[in-house]
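Keeping the supplied structure of chain C fixed, place chain E upon it in accordance with the hints.
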Amino acid sequence: MKATGTRRITTYKFLMAAVFAVVLALTFSHFASAQGPTPTDDDVNRIAKQLYCPVCESTPLDVCPTEACRQWRELIRTMLADGKSEAEIKQYFVTQYGARVLAEPPNRLVSYLVPAVAILLGAILLARGFQMWLKPSPAVNEGPANTNPDDIPPADPYVARLEEELKKQK
Amino acid sequence: MTDSTTPAPRRGVPLWAQITIWVFLIGLLAVVAMGLRRAQQGTVQPGQKIENFALPLYSGYQLDGKSEIKLEDLRGKVVVLNFWASWCKPCEQEAAEMQNAWQEYEPGGKVVFLGADYVDTEPNARVYMKKFGITYANGPDLATKISQYFRIKGVPETYFIDQEGVLRYVQVGPFTSVDQIRSQIDTLLNE
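Quick note, the sequences are listed as chains C and E, same order. Here the first sequence stands for residues 1194 to 1363, numbered as in the numbering used here. Here the second sequence stands for residues 806 to 996, numbered as in the numbering used here.
Chain C with its partners taken away, still in its complex shape:
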C-alpha cells in the first residue's frame, strides 16, 4: 500500500512537472513569436539604405556615422524585432520625419505624372521643331514652271513702267 502511495505521489509530481514545462514552453514560444528573430545588421541596412536622415541629407542611413542615424537604425532594429514589415517601418519614418527621408519619392500619381507630361510636352515641341526645320520650303512662285521671267509683271508699277519703256526702245 505504501509503495502504491509513493508511486502515486511520484506520478503526481511528474504530471505537475510536465504541465509546468508545457506552460513554460508555451509562454516562451509565445514570447519568441511576438518578438520575432533578432534582426541582423543586413536586415536593418536593407531598410536603412532606403532612408536619408534630414540631419545628414546626402548620406544614406545605412552608412551614416552620426549619432542620430545610429539611433534611427536601432529603431528600425526594434521595429523589425516587434514584427513590423518594411512598409510599416518606412511609413512610420515618413509620418515622423516627412517624405523627404525616403530615397525614392512616394508612389504617388503626381510624382510620375508631372515628369511624364513634361517629357511628352518636350518631345512634341522637339518633333514639331524638327519637322519645321527639315520641311523644304514650298515654291515661292506658284506660276507655270517654264514661264519666261520677262513675262512676269513686276509688282512695283514704277519698275513695270520702266521695263515697258525699255521694251519699246528695243
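There may be inaccurate statements among the hints.
What the simulated footprint calls covered on chain C by chain E, stretch by stretch (three residues with Cβ under 8 Å from a Cβ of chain E suffice, anywhere in the stretch; the number is not a length) [as the list claims (entries may be wrong)]:
| hint | stretch |
| --- | --- |
| 1 | 1244-1252 |
| 2 | 1286-1292 |
| 3 | 1314-1322 |
Since the hints were made in silico from the structure, they are not lab data. Because the structure is a prediction, the values reported are computed rather than measured. Backbone N, C-alpha and C define an ideal beta-carbon position, used for all residues, glycine too.
Below, chain E alone, put in the same frame as chain C:
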C-alpha cells in the same frame, strides 16, 4: 494679270511653342531663385508674426492635459520654443538651464515652455528628458514641419514669441546660464 507670288512661310519653332518654352524656363528659374533665397534667408527673423502651428506632445509631457498644443491657444502668454534632440551634445549644455528657468516661471502662468524634439526617436528622447529632469511640455516635431517653418539651422535653437504671437528673439546655440533666458522673458513680460 494676277500676282501668283506668295510669301515664303517662316521656318523655325512656332510662336506657341516659343511662348511655352519661355514660360517653362522662367517658371523654372523662379523656383530655383525662390529656393536659393530661402536657403540664404537664415532663421525666421524677429518682428515676424508666427503662423499657427500644432505640436503633438509626448505622454507625460502634456500641457494642461492636452496631448497637442497650438500656438494660437497660447495667445497672451510668452512662448519659449526650444528645438532640441537627444543626439545633440550642445543641447545637453542648456538642458538644466531650460528646466530651471521653467520652474521659475511655471507658477506665474504667464510663460509657456515648449520643447520641439527634432529628428529624434521617442525612446531616446524619453531617456534624455528623464536624465535632465525635464518637466515642461515636449513633443516630436512631426515631419519636421515646425522646424522647416522656422528654418532652423541646427539644434539647439530657441525662439521667444511674445503675447501677440510675434517672434522677438532667436537664440542660436545653447544658453550658458539661466540669466540669459530670464533676461529675454522678463523683457517681454515687462512690456
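How the hints compare with the structure:
no.	hint	in the structure
1	1244-1252	holds (count 3)
2	1286-1292	holds (count 6)
3	1314-1322	holds (count 4)
Of the hints listed earlier, there is not a single one the structure fails to meet.
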